[in-house]
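Hey, can you work out the whole structure from these sequences and the hints?
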Amino acid sequence: MEAETKSEREKANVIEEPEEVKEQQQDDDDDDQPMLSSQALEALKEFLSEQSNQSHEENGRGEDSEKVDLVVEDWRLSQFWYDKETAETVAEEVRKLSASTSSSVVCIACPTLYAYLKKIDPSISVQLLEYDNRFEQYGSDFTFYDYNKPEELPQELKHAYQIVVADPPYLSKECLEKVTQTVEFLKKPGDSCLLLLTGEVQEERAAELMNLYACGFRPRHCSKLGNEFRLFTNYDPGERLGGWEGRNT
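Heads up: the sequence shown begins at 1 in the numbering used here, then just goes up one per residue.
Nothing false has been slipped in among the hints.
Restraint ranges, calculated between C-beta atoms of paired labels, are given here:
no.	residue 1	residue 2	range
1	71	200	22 to 30 Å
2	204	84	24 to 32 Å
3	236	125	19 to 27 Å
4	119	140	14 to 22 Å
5	236	76	37 to 45 Å
6	140	204	34 to 42 Å
7	238	120	19 to 27 Å
8	156	190	14 to 22 Å
9	125	189	17 to 25 Å
10	123	148	32 to 40 Å
11	139	236	31 to 39 Å
The hints are simulated quantities; they were obtained by calculation from the structure and are not laboratory data. Even glycine gets a Cβ: it sits at the ideal position worked out from N, Cα and C.
This is how it looks when you write it as structure tokens:
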């Protein structure tokens, strides 16, 4: 999910949005990362504190049977989880794809999706590629991933997945290009199902790099931050996910 060192992120207070909200860059330099204002940072920290307290209270009341257990978002890592509707919608789509192809799934920098997949179908085979080592709690389902080293992954993962879901940490062309390399490393040759969750500003690049097209469904995040997000696929979902939008045929 994260590619830079923690110290670099802390210096810049960068919001980079892995499955998490990616702030749109306001100039022509793709590598310039946007920064939150001090007021926004304070509001974010307050939100995370309230979310953590609420989680503890609900656990104490035994009311978390419908909740998915995730670590608390770390604003220093620009972590903003999908909201419930988004996580459930995408997880159900991936579950259907997995069932129809008898294939395992790999999630690149989208731990919310991993958690919801395991909730709706504990038997599904899912590998989570993540920068945040807190997700080592998922055991062998976790693989450390730094998008700056797109192919530095265990060889047993190479060409092992027919279903690949990615949520790149930045909105830059450079980041999407590197994540594309990772996708190519992971996906099986031939027909594979690719799903990409990222900012709407990446639409042309998604089509150019991975032949992906936007679906009508609009992903959202719990923290209500960031730009318009889209879900792109390399297959026609039919009436699911709102269908494909605006593909030139």
